[in-house]
Structure formats: structure tokens, C-alpha cells
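*Asks:* For the protein sequence lines, the chains are V and L, in the order given.
Just so we're aligned: the first sequence equals residues 1 to 164 in our numbering.
Just so we're aligned: the second sequence equals residues 165 to 273 in our numbering.
Worth flagging that the hints you see were computed from the coordinates, not collected in a lab.
Keep in mind that the hints are not guaranteed to be accurate.
What the hints assert, rightly or not - If the Cβ cut is set under 10 Å, some of the chain L residues that face chain V in the computed set are:
(1) A231
(2) L239
(3) G252
(4) D264
As the list claims (entries may be wrong) - Anything over 12 Å on all C-beta distances counts as not near chain L; from chain V, calculated:
(5) E82
(6) N92
(7) M93
(8) G131
Unchecked claim - Result set (BS3-like, lysine-lysine): computed pairs, CA atoms no more than 30 Å apart in a straight line:
(9) V:K68 - V:K80
(10) V:K68 - V:K100
(11) V:K68 - L:K259
(12) V:K80 - L:K259
Ideal Cβ placement from N, Cα and C applies to all residues, glycine included.
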Amino acid sequence: MRRSLLILLAMLLAGAAIAGSSYLLARRVCARQVAASGDDLAWLRREFHLSDAEMQRIRQLHEGYLPKCHENCARIAAKKKELQAVLDSAQNMTPEAQQKLAEVAALRAQCQANMLGHFYEVSRAMPPEQGRRYLAEMQRLTLGFHEQIENTMSGDTSSPHGHH
Amino acid sequence: MKANSQMPDDAKLRVLLRESRPEPEPSPGFQNAVWRRIERAETPAVSLPAANWLDRIADWFLRPHRAFATAAAILVLGLLLGIAQGAGHARDLSKQRYLDSVSPPALRQ
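Starting from the given sequences, assemble the full structure and let the hints guide the process.
*Replies:* Here's what the structure looks like:
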């Protein structure tokens, strides 16, 4: 019995080693292939089953949007630096700090409006059903974070998680 | 000639030796006890069910072709699971990549 038990234990260990190493190897190869593709839009094509023509149109929109997005981000970053400097120099909330906060918020809102405008354009370049799905997903991913915070802060229990 | 003349003496000697060592009478139930021992020796050793089970599995796997087939099956299973999991992970990575390009993380915080 002892000999059989040792044989079975050795086989289990060998099996676990084979399964574990093959699993990790396959997983790594898959992830590396995606990383090597280098295309930001690869997910769109796969997820929304887009044709070459649709992808070409979306790529144009994407490349047109990126410089505006980077410019907005740079403006937000500069304004946040200004806000940080004001906050560092003051002990209380000053009108100047309030002004800077409002400016950062306005820039963010403008950036988000541009972003949503881009999402609408991209969704129109897709087949209608895929476009609706894309728009809903992008709104959830980009605006959902704020919604989640606001719901938490306001104690709103209208979300499905609030009902038990 | 010499051998033939000695034979009667040898027979007498054997009779004398046998008589000098009287064989003891077997105790009552001796024969039954012998048969019981013989039966016990012929009966296969009683083993625990768990031990029997482990032995059978170990014997099954110790055949080379079965061992190779099992190892190959585990390898294929591991690869398939890795590919499935890797594909999901890759999809998440590429989704995150697109999201980062159109909506920088700083904007979502």
C-alpha cells in the first residue's frame, strides 16, 4: 500500500507540474502576442466584428481625435499644477483655489464632451447594433467611475446593488 | 559377494535403530490442526479495501502507454486552459489599451 501511495503521489506531482507549466506557457504566449500587435484599435475590430472599410473610417476618426485629446490632457495637467501650487501655499480654502478647481473641472468637462463626441462619431461608423453596444460600453467605462463615486457619496440606493 | 553377505546385517541394524527411537503418538486433533494451517496458508492475504484500490490505480498507471497517454492528456488540458485564459487576459489588455488611448486614466479619476 505504501509503495502504491508513493507512486500515486509522484504521479500527481508530475501531473500538476505538467499542467501548471503548460498552462502558464500558453497564457504567456497569448498575452505576448497581443502586446506585440501594437494596435490600439485591435480590440474594436475583434469585439465589434468590424470590416476593413469600417476600421479604416474609425482609424481616421481615431487619429484625428488623438491630438485634440493630448492637447486637452496637457491643459488639464497644467491647470492641476496651478491648483496644487495654490493649495500648497494656502492654509484654508481660498477664492483663488476655488477658482482653480472650477477651471480644472471646466477643462475636464470640455475634455469629456470632446471624448463623448468622438464616441458618437465612432459609433456611427459601425453597424447600428454594434454602434449602440459600443456607445453604451464606452459611456459605462469612461463616465461610470464618477457615477459610482456620486452614488456612494449621496447614499443613493437606486442602483441594483442597493436592493437586497 | 561381499555386499550380499552384508545385507542381512544391515536389515537387522535398521530394525534395531527403529526400535531404539520410538515414534511419539500424535496429540488428539493434530491432523485437524495441520489442515487448518494448510488452509490458512493457501488463503490469499486479506487486505484493506483502500490499499487494494490504491494498488489497482498504481498498477493501471504504471503501464508505459497509459502513463504517456495520461501525461499527454494533462499537457493538452493545461495548454487549452492556458490559451482560453490567455485569450481572455489578452482581450482585457487590448480593451484597456484602447480605453487608455481615447480616455487617459487621469481623466477618469
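*Asks:* Under the constraints set out in the numbered hints, which ones does this structure not fulfil?
*Replies:* none
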